[in-house]
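One letter stands for each residue in the lines below.
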Amino acid sequence: MKTLIRQSIRTGITYGIVQIFFILIAFNTMVGIMLAKISGIKNPGEIPAAKFLIAYTILMGLWVGISALSKKKFLPAGHKLLAGFTAGLVSAILVGLLELAMTGILVNKIFIRDFLTVLSFDFIKATLFGLTPVLGIVVTMGAIVLGSLLAVGLNIVTNLNAVQEHWKKDLSFLKNLNDKFQRMIRGKYHLIWQIVGISILAVAVIFIPMKWGSYWNYVFGTVGLYVILGLGLNIIVGLSGQLVLGYIAFFAIGAYTMALLNAPEPHNLMWGFWPALLLGVLLAALSGILLGLPIMRLRGDYLAIVTLGFGEIIRILLKSDVLTDFTGGPRGIQNIQGPMLFGKPFNSEVDFVYLIIAGVLLASFVYNRLQQSRTGRAWLAIREDETVARASGVDTIKYKLLALAIGAAFAGLAGGIYASRNQFTGPDEHALMASINVLSLIIVGGMGNIPGTILGAFTLKGLPEILREFANFRLLAFGALLVFMMLSRPEGLIPSHRPKYDEPNEVSGEMKKKEVPHDQ
Amino acid sequence: MKAMKFLAVFMVLAMLLTACGQAAATEAPVAATEAPVAATEAPVAGGAPEACADALGCAVFEAGDVIKIGMGAPMTGGNASYGIDISQGATIAMSDAGDIEGWTFALDAQDDGGTAEGGAAVANKFAADPAIVAVAGHIFSGATAAAMPIYEKVGIPMLSPSATNPPLTASGSTVFNRIAFTDLNQGNNAADFIYNTLGVKKMAVLHDGSDYGKGLADIVAAQFVKDGGEVVIEQAITPGESDYTAVLSTVAAKTPDAIYFGGYTAEGAVLVNQMKTTGLENAKFFGCDGTYGEDFLTRTGANGEGAYASIAPASPDSDAKLTFNAAYLEKFGKEAGSLSPYTWAGYDAAAALAATVKQVAVVADGKLYIPRAALVAAVRSLSNYVGLSGTFTCQSNGECNTDKPQFVVVKDGAWTNAE
Amino acid sequence: MTSNIIQVQGVSKIFGGLTAVNNVNLDIAEGSIYSIIGPNGAGKTTLFNCISGFYIPDHGTVLFQGLALNGRSTDTIASLGLSRTYQNIRLFSNLTAIENVLVGQQPRLKETWVESILQTRRSRKEEKSSLVESFKWLDFVGLREFANSIAGDLPYGAQRKLEIARALGSKPSLLLLDEPTAGMNPQETLEMTALIRSLRDKFNITIILIEHDMHVVMGISDYISVLDFGNKIAEGKPEEIQHNERVIEAYLGPGGAALAQKYRKKKVS
Amino acid sequence: MNDPSSLPLTPKGNNNLQTNTNTAAKKLQAFQNSKFMKLLRPILGVVVSLYIVFRLYQVLVVHQEYGADTWTRLLISGLIIGGVYSLIAIGYTLVYGILFMINFAHGEVMMFGAYAGLYSFWAFKIIPIAGDPPTNFLNAYPILAIILAFLIGMTVSATMGFFLEKIAYRPLRKAPRLVPLISAIGASIFLQNAAMLLFSPQLRDVTNPDILRRGAGWTIVINGSNVILPYTGVFTFILSILLLVGLYILVRKSKLGRAMRATALDKKTAALMGVDVDSTISRTFIISGALAGAAGVMWGIHNGLVYYFVGFIPGIKAFTAAVLGGIGNLPGAMVGGLLLGIVESMGPAALGIDFQLKDVLSFLILIFVLTFRPSGLLGEVLSEEKV
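Protein chains in written order, with the numbering used here: chain G, 1 to 520; chain A, 521 to 939; chain P, 940 to 1208; chain V, 1209 to 1595.
Rather than coming from a laboratory, the hints here were simulated on the basis of the structure.
Using N, Cα and C, we set each Cβ at its ideal position, and we do this for glycine too.
Watch out, some of these pointers could steer you wrong.
Here are the simulated distance ranges between beta carbons [unchecked claim]:
| id | chain 1 | residue 1 | chain 2 | residue 2 | range |
| --- | --- | --- | --- | --- | --- |
| 1 | P | Glu-1178 | G | Ile-289 | 51 to 61 Å |
| 2 | A | Lys-924 | G | Ile-289 | 49 to 59 Å |
| 3 | G | Ile-13 | P | Gly-1081 | 35 to 45 Å |
| 4 | P | Gly-1081 | G | Met-210 | 55 to 65 Å |
| 5 | G | Ala-101 | V | Ala-1338 | 20 to 30 Å |
Straight-line Cα separation of at most 25 Å, PhoX-like style, residue types lysine-lysine; simulated pairs [said to hold, decoys possible]:
| id | chain 1 | residue 1 | chain 2 | residue 2 |
| --- | --- | --- | --- | --- |
| 6 | G | Lys-500 | P | Lys-1064 |
| 7 | A | Lys-854 | G | Lys-109 |
| 8 | A | Lys-721 | A | Lys-746 |
| 9 | V | Lys-1461 | V | Lys-1382 |
| 10 | G | Lys-71 | V | Lys-1374 |
| 11 | V | Lys-1382 | G | Lys-71 |
Turn these sequences into a full structure, and let the hints steer you where they fit.
Written as structure tokens, this is what we have:
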């Protein structure tokens, strides 16, 4: 009983603080505006109508209630009520105190915005629903408590936790779906299923890009490029276990090769898309090896920081005065030509989506083959224990360089396509955050496997686009989600599996592979 | 075999994304739900004016719809202050713009992070939104370069307050215009002014490595040498830092009479302050329109005395500007110009676009038609538009702010005319 | 068996001030089981590391089949046909058992990464054969049913055996086993002993063994060297070693010899 | 055991023969390979050092661009910035030494400290003190004000450090090493944007008390021109040194320090020996947070510019410094920080290259150092087997 109350008080305090934070960053008005838009008001203006703000407050209360009751499936209704109510009340009191302070600011006309920028008088008035301060505070607290009670009600009728727990527990429906699919295509009729699957896929791949507008084509394309990057980095980090933080440098090399060889400024060489792409890939691979040679002895985070440095060096050099005449300096390079295919221009958004899909298929194919081969096993051995791998006859230096080179080549490919798609590339495209994005996506998705990488790319590059409506709360939400994902699924959205080997019978050496779960 | 696995997931996720797509589309206040998409693509039948009878067609607004002016700006990340500030300025312009027989204006500011990737994403989003008639932006040159071709296709005119990268107007785009102060004539005039009027013979040139700052600095250096002066040292600093004593010390060793800085107030102010501690007490500091503003004064205080800047010729404190400043402070709790030097330009870009839209808009049987082709042309032929940050007349290449700059100096803690 | 498969000639290894291995000479006949014993910290494992190339000896040389190993990288040495196991088990613990053995075969495979991508006829053939072989090795150490379980999750004894299987993957002609029966119960120890013996008998692999369990050592080894404080204090056939005063003293401390005499008498009577 | 004849081994004799033949080529190749790797580093070293010597000769002897006064100025600014770097670097090193994770959000913790300092100064400025002429708290009791500002800043950052660990890292102790890193990155992004939304993206100026006026300082005359030794700089430098020394003593002598070292060595054993690992770790975060906070306040006092992005670059630099000196090694972090600061300020001048490239220079130095000493200048102090 006591512990229950103590817990719910703690929850109340936590969420009270969260709500205070939300108000201080004007999150409430932003949500209010979104609610207004959803309810069909076309131009809600800067500050939404009071009813939407009240709705927001109730939602907050609901949240408090739900989280107060989470992991408390089997409580008697009375206790649930108690817990929810206490939590709600506590957070309501905290918010109330904040609003009291805000009232003070409002009444004494103190100009606080130098310190907390959102606290304009209008905003304070709006937060108090345009009512008299006292009434406003009362309504707020009432709304929060009401919300929490609502949560209790919900919890008692529908066993909310069950849903919530399940939902939180995993997105494994994806994995299940995937497994079902596996069984389907491994099963008796696998050939038929494969034909069906491939044809469906082909149809989808060909027609979807035509259906949806240029915007989603662009987003889809970006995601595709990041899938390629992700696979490349997966070879380096996921398979051979070298933590590289400056990965985007190889991307930059690909992009700039494309730009320099294929734009009127600064050199007007105009090699055409395909040779430039090829050269970009090769140069990227080469630079991977050159970076690798001196730092082969480094491990773990030493490697990380050195590669991070490498990335920054490339970026700074690209924009520096020293190379301005060669790389266009901070201005970057414009009007990069698109590809030609059979003498026809091949550079509409849709075409690029096809191009990128092709790139993704190629990358996945290569990744897949390598992963299952002797090479892949050598990499895994190095990741697991470099010394022993070496002592078991793995030429570690060769394989580590190989991993760097191939991973870099993937990045070069993506970079080339990227540059010619945007018809522009500049030094600030290739800042540290980009590298970090790629690393995040392979880990969020689940390191070392292709579906994971794809899902990760969708999450990390698609999500910000979907979060656009959040205006400049976007990255805030993004950061929070990143942490949340790591906490809820440390092994990634789709965990890796080790392939299962059957002994090939001498007659028909067809070796089958199934999946066995594997704790990373 | 294995291949099937990822292909499958790939496909499933593609589907999911489309779903998200629709979700976002319905959630967003995209006019697609109101205005028939077809109307924007092809000439519409019925009451549509013949102005719509071309490939680009018209943007059509039902009663109660909002005319949207887009803006692509960095709202997050290291440069967010520019995006947020300029969009805030533009927001005020929208409320000042009034309405066309009941149809009001609204600003749709989207985060492009200042990068090409973001710029293209935002441009595609705007291109897909029939309610967007024009774009006040983009803010950074990289984003702008990637966005231009996309707007070109759908006939959305741009009017950028701050994308100063010279090649942008050289690429022959019909939709791109800017009221940003042209580097070329600002730089040349500044150099002449320093050499002739101030009589400086030895000058050091610094810039912040951005396309704007570097572009300007290079021009100034070249012209100054042409005039017969000596550029003793040209150095780039790393923006975003706040200790430049090292670079200033090396500059001091060359004993220049003046320092020209191409860049923004953030670094400019630090330089001015640290000049005093690095043996450059007696050298003049000469900034550009990027270092002009109230903020420079507050940040440099006494050190700022005698610092020069070159600005677009607008009477520094016209009544309009004063009212704007008041409105800005009231609405956003900051002095106008304290976040970036482009507040006023942001206002001007949005206001000018709104005004142009008013010119071309046609009302027919309860609907508002905005012919896109006409709008593009109208923006390009903008002339003698008097704004807060200058008077704009667009050249055929889209440069709209080409007048001779005006030079100001800090005297007794205030910007005063230097001529 | 006269030809010496490996000759350790005056090898010394010095860490800072401490001389871990001091001027040790070993001549090991091919196809023999050779044990190195000694109290803890006598430098046995250090000697192993010098032989297998983990350490570069400060003095002296190691000749393997007449080839000087000094300064060769460990992977080269492994590919020469000299493989080892570790005192504290070091498997690739996130990989399956079969994969561990497959990695062990690395030095004998010729498939390049390009072939891996294209999966040429040759690479498929090689992949298949190496897989067949790996399964046979797992069979040999009796881990067939664990083939597809994660190495880290195997029981202790199984992990030791798996390590040997991995070492055998490269068809070694010399195998260094570092305390193979450490921490095993008598039953497991017997199995392991049998395993080691059959390695030599069936496949003529020369085995060098570090071991503390005297029953095992005396049971299977043809020849024994005793290290103490980095010096080789004795070598010879098991029975010689059993009666060697210095050895007993090394183990039981000064006066130990007398003790041991008494002890034996008691046992007799 | 199954029938040996089926086993894939050739009988005695041609066994070794075969191994010899099929490995001969490989042997040779691998041998050269290792030779090449052995040679690579010395060659690199010689080339680089030759180049450096050549440039130095060019600048110092041939051109003689800068006089002693300039060098002094450069040295001063280098030391000051280096002091701040070391202070932040210590924070990284402490956390790294215990959890083996890069606390990517450390720079943001510092940023919040800077804001705290800024705001407390402003607040003090507002508080009026009667007198003639009427002044304000900030200038009436500057010492007290500064102390208070530091206390506030350090408290804020320490609290942030504490909650950061509790929320974002503790649940991930057992997770693979990269997971906490990503969580940290997420936290960093979140904190940056939170600051931007709370305090607006505006760049703020710290108003120092008059005794610490920026730009004021002791004047030394070196060959004719006077070099100013700014008060703020001296203050910053001395204070950071004091803090570092204090921390060193804490870790070496105190009970907590022993607990920290034990935890760093081996968490399980430490727990068995009665060390409360969790509380030790959160205390470590509190300490590193507090140091970051102090660094933040100093940053404000000396450089005078505070905004939501201010923590990012120093964060990266400081981590570089920590690695440079040898991760987990307190003196190492300090040496690394100072070295980095000096390289940044003097390096470009000494080698006669553009100041824009100073980061390139410092990263090159890092790569160079790590190529020869893979565990940093003073070597790392990590005992647990890195997972």
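Quiz item: What hint numbers does the structure not satisfy?
Solution: Violated hints: 3 and 9; rest satisfied.
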